[in-house]
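Visitor: Residues per chain are reported as follows:
2 protein chains.
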Amino acid sequence: MDVFPYPVARIGIIGGGQLGRMMVKAAKRLGCTCVVLDPTPGSPAGQVSGHQIVGDYHDPAKLRELCESCDVTTFDIEDIDSDTLEELAREGRRIYPSPRVLAVIQDKLTQKQALTDAGIATAPFIPMPEPTPEAFAAFGYPLVQKARRGGYDGRGVVVMRSAADYPQHLPVPSLVERFIPATKELAVLVARGRDGDCRCYPVVEMQMRPAGNMLDMLLAPAEVSRVTAAAAASLAQRTVESLDGVGVFGIELFLTETGDLMVNEVAPRTHNSGHHTIEANMTDQFEQHLRAVLGLPLGATDQLSPAVMINLLGAPGHRGRPVIKGLAAALAIPGVCVHIYGKAAAAPLRKMGHVTVLDRDLASARHKAERVRAIIEITAEDHP
Amino acid sequence: MDVFPYPVARIGIIGGGQLGRMMVKAAKRLGCTCVVLDPTPGSPAGQVSGHQIVGDYHDPAKLRELCESCDVTTFDIEDIDSDTLEELAREGRRIYPSPRVLAVIQDKLTQKQALTDAGIATAPFIPMPEPTPEAFAAFGYPLVQKARRGGYDGRGVVVMRSAADYPQHLPVPSLVERFIPATKELAVLVARGRDGDCRCYPVVEMQMRPAGNMLDMLLAPAEVSRVTAAAAASLAQRTVESLDGVGVFGIELFLTETGDLMVNEVAPRTHNSGHHTIEANMTDQFEQHLRAVLGLPLGATDQLSPAVMINLLGAPGHRGRPVIKGLAAALAIPGVCVHIYGKAAAAPLRKMGHVTVLDRDLASARHKAERVRAIIEITAEDHP
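Chains as they are written, first to last, in UniProt numbering: chain A, 1 to 384; chain B, 1 to 384.
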């Protein structure tokens with residue numbers, strides 16, 4: 001049975017961003033070919049796949065064209081027409097994670113309900129179909145409002161400390177949850193195979209930007225006790241098992257002041273908190289995801305070196321053809337690995353790349369990452 | 001000065017094989033775009049570059065088209081029309097390593113003469129423009145005949161123990177050198193920047209296939225004394241410096257029975273003995289090569305984990321669309337990283353991929369690599 005005429009598989013990827021780009025590279029390494037579906041011609045993933053269908057993630061015809069031309073389809077985003085995917089899955093198309101799981105997770109309210117139903121610790125919440133000052137007040141401040149759909153990279157999430165923050169609220173169907181004063185935000189990448197085999201990566205710490213709720217710096221491994229690390233892995237694994245997920249999932253966790261762990265969010269895909277695995281771990285998250293969705297054995301998740309990762313964001317006030325400043329200076333620092341995503345245009349806070357720093361000492365890696373952040377700047381040409 | 005409008009550089013790569021394929025991936029990670037020149041449409045490198053010029057390495061017009069459309073041109077093979085490259089370099093095109101260095105190295109006789117002139121230890125040799133039984137006998141057996149041009153992967157090299165081996169000789173302009181009874185064959189990857197900065201990777205041991213003179217298994221690091229490792233690095237670095245090389249060079253060495261080191265061959269390009277650096281070292285050889293030829297700072301060469309590498313060769317008697325057997329079984333072994341090159345057709349002994357095994361213990365990695373070699377087989381469909 002273990003016989004694969006080349007290509008090992010034709011893989012469809014919905015979404016042509018950086019996650020898809022890194023997934024395509026892993027796919028080709030494994031002897032697969034790829035087709036990417038993305039509305040932007042020459043998307044980051046399309047540049048390496050060699051084949052892109054230009055189309056929207058909500059276009060049933062394009063989704064069908066992709067799934068019907070591939071052996072297995074997966075995705076690097078969540079904002080997809082999951083009804084069409086469910087229909088294609090019913091017709092026998094292989095789509096992982098399953099469109100059912102995607103549908104549950106892409107709506108943050110049903111995601112929370114699923115976690116609660118499975119007995120997974122998570123912040124107390126209520127649905128809020130129509131946000132009003134009275135409804136927020138009735139739930140009580142401080143709170144976190146989350147839009148049911150379409151949020152990512154901090155978009156769709158608002159922390160409201162008191163009624164004075166009401167003007168920042170999102171006027172869309174939402175849930176509100178209790179604000180958790182976390183001492184750390186952690187993340188665990190979990191890979192789960194089609195056969196149910198599960199592998200967790202060592203828990204990492206996500207330091208968030210105070211403004212914007214975006215990942216600022218990732219420390220791998222997290223500086224937590226062994227007990228906490230094991231508990232985080234266990235909770236993350238139970239989360240993915242309860243959802244019957246197949247593929248790599250990013251599980252974001254709060255470590256509370258009382259030492260408890262709670263699941264904050266679930267991403268049914270490879271995750272920003274796992275970029276360091278390309279250099280630092282035995283099997284990177286992208287290959288691991290592909291192994292899972294292809295029904296191949298999962299790889300070892302051992303970490304070979306401490307690592308710190310920062311995102312390279314577009315500078316404020318700049319749009320257009322990217323200009324990378326400080327690349328040479330950053331590369332002069334030992335252990336600095338730069339990843340540029342090949343996006344045709346920069347925009348403020350847009351993820352244009354990332355840097356992973358390897359160092360035997362995590363504190364030293366962190367110090368180097370801080371230097372890199374001060375050195376590299378991604379702006380745009382004045383006349384794009 | 002450290003400002004790069006995207007793309008950081010347009011890189012031309014002459015040769016679209018596996019080395020070019022891995023180089024393209026590194027190039028895109030660094031924010032570069034690539035054009036590949038290769039006669040086979042959809043070459044391994046062309047599949048990831050997104051842009052390939054289909055043409056021969058000896059076609060002056062195609063070489064010119066490539067170099068004129070790129071900021072920097074490099075190569076993953078040696079059998080190129082170096083006269084045209086020299087002409088392009090004189091016109092100001094940036095080509096690294098320099099066509100002059102390529103010309104010296106691609107002719108094994110001038111390569112040997114250059115090494116000898118620089119005082120680099122190497123096996124005694126004489127030119128042999130027209131091989132005859134008398135000429136071989138006059139030099140004395142055992143000897144090694146090397147064709148001046150066109151050899152690679154053991155082709156163009158014949159070991160002749162005695163006059164009885166004469167029928168195996170190559171009827172082409174050659175050199176003959178003294179057969180060196182080596183206890184180990186070693187290799188050192190050396191990166192040298194445009195500014196002369198040099199970085200050596202830890203010395204590795206190449207175990208060769210008895211038949212065919214091809215690399216059978218690579219052990220990284222080599223099991224040699226610290227003194228020998230340092231001497232190997234020093235000799236390799238002096239070799240590249242003496243040639244004024246820019247880029248990554250693979251320096252193959254003999255460790256003799258008396259503990260001496262001699263340079264066997266020089267490859268002016270990334271090398272089969274450095275594939276493990278993708279997973280095992282801080283900076284992989286492909287990114288390192290690009291840093292060198294682009295004038296960027298060289299990266300750290302530290303090895304993070306012991307590693308063993310084997311090539312995946314086409315099985316004897318099989319030609320046509322590749323069929324990969326045992327992929328899943330091999331991936332089930334922890335630390336096994338499989339690289340498939342995407343070649344459209346398998347052929348006997350053709351390099352179809354490689355496997356790097358990471359393990360904390362080199363002996364265990366080696367044992368796993370032997371298991372993988374017994375498990376994975378690349379054949380071809382009966383009806384291609």
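Calculated from the structure, these hints are not laboratory results.
Some hints here could point you the wrong way.
Claimed, not checked - Over the 12 angstroms line for every Cβ pair with chain A, so calculated as not near, a few chain B residues:
1. K25
2. D59
3. I77
4. L109
5. T110
6. C198
7. V224
8. G295
9. D302
10. A329
11. K343
To be verified - Covered stretches of chain B (in silico footprint by chain A; criterion: 3 or more residues with CB under 8 angstroms from a CB of chain A, positions within the stretch not fixed):
12. 120-133
13. 313-326
In this text, a Cβ means the ideal position worked out from N, Cα and C, and glycines have one as well.
Visitor: Indicate, hint by hint, whether the structure satisfies it.
Guide: Verification of the supplied hints:
no.: 1; hint: K25; verdict: 5 angstroms, violated
no.: 2; hint: D59; verdict: 24 angstroms, holds
no.: 3; hint: I77; verdict: 20 angstroms, holds
no.: 4; hint: L109; verdict: 38 angstroms, holds
no.: 5; hint: T110; verdict: 34 angstroms, holds
no.: 6; hint: C198; verdict: 15 angstroms, holds
no.: 7; hint: V224; verdict: 23 angstroms, holds
no.: 8; hint: G295; verdict: 8 angstroms, violated
no.: 9; hint: D302; verdict: 8 angstroms, violated
no.: 10; hint: A329; verdict: 6 angstroms, violated
no.: 11; hint: K343; verdict: 8 angstroms, violated
no.: 12; hint: 120-133; verdict: violated (count 0)
no.: 13; hint: 313-326; verdict: holds (count 6)
Violated hints, listed in ascending order, are 1, 8, 9, 10, 11 and 12; each of the other numbered hints is respected by the structure.
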